[in-house]
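S.K.: Chain residues, written in single-letter form:
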Amino acid sequence: MKRLLGQLDALLRARTTDAPTDGEPFAGPPKRLLLAMALALGGVYGAFMGWYAVRVAGFEGLAQLASTTVKLPLLFLLTLAVTFPSLYVFNTLLGSRLTFPATLRLALGWITVMLAVAASLGPILGFFTISADSYIFIVILNVILLGLSGVVGCGALLQRLRSPAAQWIPRDSATKAPPTIVYQPADVGRQTLFVWIVVFGVVGLQMAWVMRPFIGAPGEEFAILRPTGSHIFAALLRLARVAAGAP
Amino acid sequence: MLPRSLPSDIDLALRATLLDRPWWAGPRIVLLISPLAGLAIGSFGAVSPERAPQMLYAAIKLPLMILGSAVVCLPAFFVMHLALRARRDFPLAVRGVLGGQAVFAIALAGLAPLIPVWYGAVHSHRLAILANGALFAIASACSLVAVARAQRRSTGPRLTSRALLVCWLFLYTLVGMQTAWMLRPFIGSPEAPISFLRERPLTNGYVAVLRQIVGG
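Here the protein sequences come in this chain order: A and B.
Per the working numbering, the first sequence starts with residue 15, numbered consecutively.
Per the working numbering, the second sequence starts with residue 267, numbered consecutively.
Hints listed in this document are in silico derivations from the structure and should not be mistaken for laboratory results.
Where hints are given, some of them may not hold.
To be verified - Facing chain A, a subset of chain B residues (Cβ under 10 Å, in silico):
#1 Gly376
#2 Leu396
#3 Ile404
Stated by the list, open to error - Residues from chain A that face chain B, not an exhaustive set, calculated with beta carbons under 10 Å:
#4 Gln21
#5 Pro99
#6 Ser100
#7 Leu101
#8 Phe104
#9 Asn105
#10 Leu162
#11 Ser163
#12 Val224
#13 Met225
#14 His245
Stated by the list, open to error - Over 12 Å on every C-beta distance to chain A, these chain B residues come out as not near it, computed from the model:
#15 Leu333
#16 Ile372
#17 Leu374
#18 Arg392
#19 Cys408
#20 Ser409
#21 Ala412
#22 Arg428
#23 Ile453
#24 Glu457
#25 Pro459
#26 Gly471
Given the structure is predicted, the values throughout are model-derived calculations rather than measurements.
Note that CB positions come from ideal geometry on N, CA and C, so glycine has one too.
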């Protein structure tokens with residue numbers, strides 16, 4: 015356990031090795047451990063999120079709590095599974111030095127950092143769940159807290175993308191010289207981050223829509239997944255129309 | 267089953283350094299990777315088992331479309347090199363173009379997992395076509411970046427190599443759209459029966475689209 019926390023600490027501090035190699039430029043936990051950490055940390059936040067259902071419905075809400083505990087980390091991991099191939103393609107085309115496994119580890123690290131921040135915000139969500147019972151307030155609070163963890167996670171990702179270990183200068187076929195590391199303008203990292211946020215964000219929103227309910231509106235029957243159809247943006251548009259007073 | 271150098275070839279292609287590998291490394295990537303994108307593109311309405319063959323058909327047709335168009339364009343590309351006195355740069359240009367095709371296939375396959383997610387969300391054939399249009403546009407842009415990077419190594423005058431690149435783009439787009447038309451359907455209209463090719467494949471796609479617009 016102590017070692018695990020040490021690994022998490024190294025991840026959050028975004029430690030990089032002094033002598034980067036092509037394959038694994040970043041120090042920190044291996045991929046399998048990152049996956050386990052993401053599941054556990056996401057589960058912590060998911061449990062706080064599902065707690066609202068217990069507060070509203072008592073014992074019957076436990077099913078929602080259990081379901082959200084499992085679904086929240088899965089939401090992040092499934093989104094990554096769908097988007098990762100395109101993230102790798104854009105990352106490499108834009109000039110990153112990372113290989114496929116190294117990019118995967120970077121992306122998993124990104125998700126783990128986001129979920130770690132979210133888990134650390136969990137007690138705050140729990141505090142509000144006890145003290146305020148408005149459903150809309152809890153929904154908005156969840157959006158804000160998850161948004162905050164997203165921002166912090168993306169900041170951590172940007173630092174890594176900008177680190178010299180991640181910058182790539184193509185090998186010159188004429189001289190057959192090995193790849194050299196040079197400091198490039200920060201643009202490569204920023205462009206990559208922008209593409210990652212857009213792709214991951216849009217797919218993540220839709221994935222969250224498909225995997226709802228997470229909080230469980232009071233009065234609605236518990237379901238692991240609601241019957242879908244349509245997409246999140248149509249739903250948001252409808253919500254905006256209702257908010258604007260349309261019939 | 268898959269060649270062991272495939273992952274590193276994919277990585278090299280994305281960095282526009284596939285020139286160090288044998289010439290067939292690019293086409294091999296297209297043959298092995300683009301069927302994955304075909305599976306995703308053909309998965310529209312694949313929940314019903316009778317629509318499932320469309321996935322297989324699209325997976326077979328996509329590499330044919332990418333490589334077939336290139337084969338049709340290459341002779342003209344060669345003559346253009348002769349005409350602009352860039353004969354010496356031709357092998358390098360072909361390698362660059364083949365690498366670009368590999369990047370096209372990789373980008374298609376990389377973005378492909380998003381396509382079923384989209385199909386699941388919209389259930390509309392028109393929006394499915396729109397998404398595929400966007401998919402091909404993004405993949406073409408990726409491929410263009412790679413071809414332009416590879417071309418920087420040519421020794422000839424910069425203006426000539428730029429002009430040849432533009433010529434290639436024009437030719438390949440012209441031929442590629444017609445090839446795609448002949449090999450349709452890729453997505454498969456929900457009303458039409460599943461088939462490998464449409465009834466009259468040898469018609470002109472541009473004329474057909476123009477007729478749709480004008481309504482004649």
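S.K.: Each hint: holds or not?
M.R.: Structure-based check of all given hints:
Contact between Gly376(B) and chain A, as hinted, is supported at the beta carbon level, the nearest pair being about 4 Å apart and thus within 10 Å. Taken as an interface hint, Leu396(B) does not check out: its beta carbon lies about 13 Å from the nearest beta carbon of chain A, beyond 10 Å. This hint holds: Ile404(B) has a C-beta 9 Å from the nearest C-beta of chain A, less than the 10 Å allowed. The interface hint given for Gln21(A) is broken, as the beta carbon of that residue sits about 27 Å from the closest beta carbon of chain B, more than 10 Å.
Nearest Cβ of chain B to the Cβ of Pro99(A): about 4 Å, under the 10 Å cut. The hint holds. Interface hint status for Ser100(A): upheld, as the beta-carbon distance to the closest one in chain B is roughly 4 Å, under 10 Å. The beta carbon of Leu101(A) comes within 8 Å of a beta carbon in chain B, closer than 10 Å, and the hint placing it at the interface holds. The closest approach between the C-beta of Phe104(A) and any C-beta of chain B is roughly 8 Å, which is under the 10 Å cut-off, so the hint is satisfied.
The closest approach between the C-beta of Asn105(A) and any C-beta of chain B is roughly 9 Å, which is under the 10 Å cut-off, so the hint is satisfied. With 10 Å as the threshold, the beta carbon of Leu162(A) stays out of range of chain B, its nearest partner Cβ sitting at about 26 Å, so the hint is violated. Against a cut-off of 10 Å between C-beta atoms, the interface hint on Ser163(A) is violated, since the closest Cβ of chain B lies about 23 Å away. The restraint placing Val224(A) at the interface with chain B holds, with a minimum CB-CB distance near 7 Å, inside the 10 Å limit.
Below 10 Å, beta-carbon pairs count as interface contacts, and Met225(A) has none with chain B, the closest being about 12 Å; its hint is therefore violated. Checking His245(A) against chain B: minimum C-beta separation of about 4 Å stays under 10 Å; hint holds. Distance check on Leu333(B): its Cβ is at least 20 Å (rounded) from any Cβ of chain A, clearing the 12 Å threshold; non-interface status holds. Once the 12 Å rule is applied to beta carbons, Ile372(B) is inconsistent with being away from chain A; the minimum gap is 6 Å.
With 12 Å as the threshold on Cβ separation, the claim that Leu374(B) sits away from chain A is violated: the shortest Cβ distance comes to roughly 9 Å. No beta-carbon of chain A is positioned within 12 Å of the beta-carbon of Arg392(B); the least distance is around 15 Å. Not every CB of chain A lies more than 12 Å from the CB of Cys408(B), the least distance being 6 Å, so the non-interface label is violated. Listed as outside the interface, Ser409(B) is inconsistent with that label: its C-beta sits roughly 10 Å from the nearest C-beta of chain A, within the 12 Å cut-off.
Distance to chain A contradicts Ala412(B) as a non-interface residue, since its nearest Cβ pair spans about 7 Å, not more than 12 Å. Residue-level check passed: Arg428(B) sits 20 Å from the nearest beta carbon of chain A, beyond 12 Å. Interface exclusion of Ile453(B) from chain A stands, the closest Cβ pair being 18 Å apart, more than 12 Å. For Glu457(B), the shortest C-beta to C-beta distance to chain A comes to about 21 Å, beyond the 12 Å cut-off, and the non-interface label holds.
With a cut of 12 Å on Cβ distances, Pro459(B) stays outside the contact zone with chain A, its closest approach being about 26 Å. Non-interface status of Gly471(B) relative to chain A is upheld: no Cβ of that chain comes within 12 Å, the nearest being about 28 Å off.
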